[in-house]
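Student: Residue numbers for the sequence shown follow the UniProt record's numbering, beginning at 1 and rising by one.
Hints are computed from structural coordinates only; laboratory data are not their basis. Glycine included, C-beta positions come from ideal geometry on N, C-alpha and C. Do not rely on the hints blindly, as some may be mistaken.
Quick list of the computed label-pair ranges, beta carbon to beta carbon [what the hints assert, rightly or not]:
1. GLN57 - TYR85: 43 to 51 Å
2. TRP27 - SER58: 17 to 25 Å
3. THR110 - SER89: 30 to 38 Å
4. TRP25 - GLU72: 23 to 31 Å
5. PRO79 - THR13: 33 to 41 Å
6. GLY76 - MET50: 36 to 44 Å
7. PHE87 - TRP27: 49 to 57 Å
8. GLY83 - GLU133: 20 to 28 Å
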Amino acid sequence: MKMQAYLFMGVSTFFGLVAAMYAYWSWVAHGTIEWTGTVALVVSIFFGWMIGFWLWQSARRSERYHGLAPEERLDGDIPENSGEYGFFSPHSWWPLFVAMAVAFMAVGVTIGWWMVFIGALAVILTVIGWVFEYYRGEFSH
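Please model the complete structure; the sequences and the hints are all you need to start from.
Tutor: Encoded structure:
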């Protein structure tokens, strides 16, 4: 995880350089700093360093208790880091219905609010169907 931490911190440092150049060039071009872009770049610096610092601390704790992670060792192999990814339904139709309900609701924003409310109800019902798909019927466990 240290490499990911260094990546986040490096990109955030690059954003710092870009923010300084952006503020300088906006000052030269317009005589005033363009605040929207400058603030967005400065905020991205803090967010990137926050995530990078957390990853770095997490890697230090993990190193102390579990040793180096496979991606940090030179002799680490890909299968060492693999594990259980979770259960994914191979035959479920519910994601399609959820997507159609969300699309119906999104189109409702342009057509009328009544359609948004019907779409929201459809989204709630299809998400419930998707979540409880394996609790009853042919595929229950």
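Student: Each of the hints needs a verdict: does it hold here or not?
Tutor: Hints, verified against the model:
no. : hint                       : result
1   : GLN57 - TYR85: 43 to 51 Å  : 26 Å, violated
2   : TRP27 - SER58: 17 to 25 Å  : 39 Å, violated
3   : THR110 - SER89: 30 to 38 Å : 32 Å, holds
4   : TRP25 - GLU72: 23 to 31 Å  : 39 Å, violated
5   : PRO79 - THR13: 33 to 41 Å  : 34 Å, holds
6   : GLY76 - MET50: 36 to 44 Å  : 27 Å, violated
7   : PHE87 - TRP27: 49 to 57 Å  : 55 Å, holds
8   : GLY83 - GLU133: 20 to 28 Å : 24 Å, holds
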